[in-house]
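Asks: Take a look at the letters that make up each chain.
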Amino acid sequence: MKTTVKKTPPHPWLIPAVFVGSLTPVAALLIQGLRGELGANPISQALNQLGLMALVFLVAALACTPLKTIFGWTWPLRLRRMLGLYSFFYATLHVSTYTGLDQFFDWRTIVDDVTKRKFIFVGFAALVLLIPLAVTSTNAAVKRMGYARWKQLHRLAYVAPILGVIHFTWRVKKDVREPTLYAIVLGALLLIRVVAYARSRLSVSVAT
Amino acid sequence: MLGKAPSSSEITPEPLYLRRREFIRNALLFMATSTGVGGTLLWLMGGKRASEPKSSSANEGPPSLMIAGRSPYSIDEPPTPYRDITTYNNFYEFGLDKSDPATNAHTLKPRPWTVSIEGEVRNPLVVDVDQLLTWFPLEQRVYRMRCVEAWSMVIPWLGFPLGDLIKRVEPTSRAKYVSFTSLLDPEHMPGQRRRLLDWPYVEGLRIDEAVHPLTILAVGLYDKALPNQNGAPLRLVVPWKYGFKGTKSIVKIRLTEEQPPTTWNLAAPHEYGFYANVNPTVDHPRWSQATERRIGEFRRRPTLPFNGYAEQVASLYAGMNLQKFF
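Chains A and B, in that order, are what the protein sequence lines are. Position 172 (the first sequence) corresponds to 172 in the numbering used here; numbering is contiguous. Position 127 (the second sequence) corresponds to 127 in the numbering used here; numbering is contiguous.
Derived SDA-like pairs: lysine to any residue, alpha-carbon spacing no greater than 20 Å straight-line: (1) A:Lys174 to B:Phe274; (2) B:Lys167 to B:Asp128; (3) B:Lys252 to B:Arg122; (4) A:Lys173 to B:Ala267; (5) A:Lys174 to B:Leu196.
Coverage of chain A stretches by chain B, computed from C-beta distances (three or more under 8 Å per stretch; other residues unrestricted): (6) 9-16; (7) 22-35; (8) 46-56; (9) 109-121; (10) 169-177.
Residues from chain A shown here face chain B by an in silico Cβ test under 8 Å; the list is partial: (11) Gly39; (12) Ala40; (13) Asn41.
Source of the hints: derived by calculation from the structure; they are not laboratory data. No residue lacks a Cβ here, since even glycine has one placed at the ideal position from N, Cα and C.
Based on the sequences and whatever the hints tell you, model everything.
Replies: So, in structure tokens, the structure goes:
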């Protein structure tokens with residue numbers, strides 16, 4: 001009788017490695033914070049770093065499909081969900097740092113900031129869009145919703161990083177170089193998706 | 001004679017042997033990938049640490065300054081540590097991050113340094129900064145400093161009243177305002193190679209603000225000469241106004257009849273007013289001004305009108321709409 005051997009996925013090291021590596025920023029911030037190496041205004045520094053990491057992971061998650069489209073790589077698709085969840089993780093830490101450490105749960109001031117400070121409003125909107133994406137990130141959710149509706153909801157994954165870049169751009173006083181870099185990368189990724197979509201529609205109409 | 005052949009039970013089965021090699025390969029790839037991912041993320045974070053300010057070899061000014069005495073204008077709050085005052089700065093001529101001035105400002109050459117005092121005055125001057133130190137005894141002024149970005153410090157400045165210098169040049173009756181111009185030197189101030197702001201940096205005061213006894217020209221902090229990143233060798237301090245009003249590295253002081261155009265007001269007039277008095281009831285579009293983070297403290301503290309100097313300066317603005325003239 002032949003024993004059925006479970007097939008090992010290719011690159012079994014990939015997902016655990018990216019999982020561990022992605023914890024580096026929060027570990028670094030904790031270590032630096034405990035050692036008093038976050039500078040004169042540690043709360044502001046942590047707030048900015050965590051927000052930046054949320055944006056990095058959003059862009060990285062969006063990069064997975066273009067990498068497959070261009071290079072034929074399949075491994076990025078296996079990372080996409082985790083990268084998306086990490087962006088939610090860092091966005092949550094970013095917002096928690098703002099509400100807890102920075103504003104000390106002064107909800108009236110927080111509401112004032114969200115409603116009056118347009119860059120905070122846009123950042124808050126990005127977080128709100130990430131919540132349904134994170135909540136429905138499981139296979140069970142795909143089954144429950146049906147793939148078509150799930151796919152439709154997860155188109156919000158394109159909107160959130162745009163809001164994130166706007167949030168970043170409007171926060172800085174004069175130095176828009178860094179947010180511009182993220183805007184360019186994001187624009188390139190979206191362009192690749194649009195071109196791929198247009199091509200698939202063209203090939204379908206040709207086949208018809 | 002050949003040795004005995006090993007029994008079959010002593011030979012590692014081939015599948016297990018291959019699996020061990022695969023495990024080692026996977027472990028190495030795991031470590032390489034996690035390190036690569038972590039390293040990339042740290043690089044994207046900028047890896048900024050509180051930098052040790054570089055000493056300026058060109059700074060031949062006195063490392064220690066004589067203090068005439070403690071001023072009655074000083075507040076009685078604990079000063080912010082010297083390290084924080086000198087490593088957390090806005091000085092866009094040397095970079096846009098708070099730690100950039102401490103890292104980059106060593107290229108500033110604070111001596112020799114002359115200051116021109118001109119315009120609507122009967123006795124214009126071009127004077128070396130060290131001459132000013134012989135004319136005006138230095139006072140320590142422990143002042144609150146409040147940035148429009150909603151952080152604040154308590155800084156023990158060393159300086160002398162600006163009013164004393166203005167008196168010396170004998171303003172005419174047409175002198176209604178004073179403008180302060182900073183150095184223009186893209187070679188040593190790399191931030192000036194980009195058109196972020198209209199360089200050189202200019203700020204201005206109304207004449208009565210300028211001669212108010214709280215307004216000083218600072219040449220030091222704690223008991224040391226001003227570090228480059230804090231605006232060496234001479235900077236303006238107006239404690240009831242937001243920090244950006246304090247022109248650093250001043251080369252020209254001009255008394256004028258018209259209100260002078262000022263750098264941040266030109267760059268963003270809806271965000272940066274000419275008067276820029278600390279005002280908890282007038283928000284900046286980006287930052288509420290109702291509270292501030294005192295550097296070194298954990299909880300925010302309420303912001304005081306005129307940064308706590310209302311008793312001394314509110315009368316300067318009697319009848320003015322400070323919501324409009326923010």
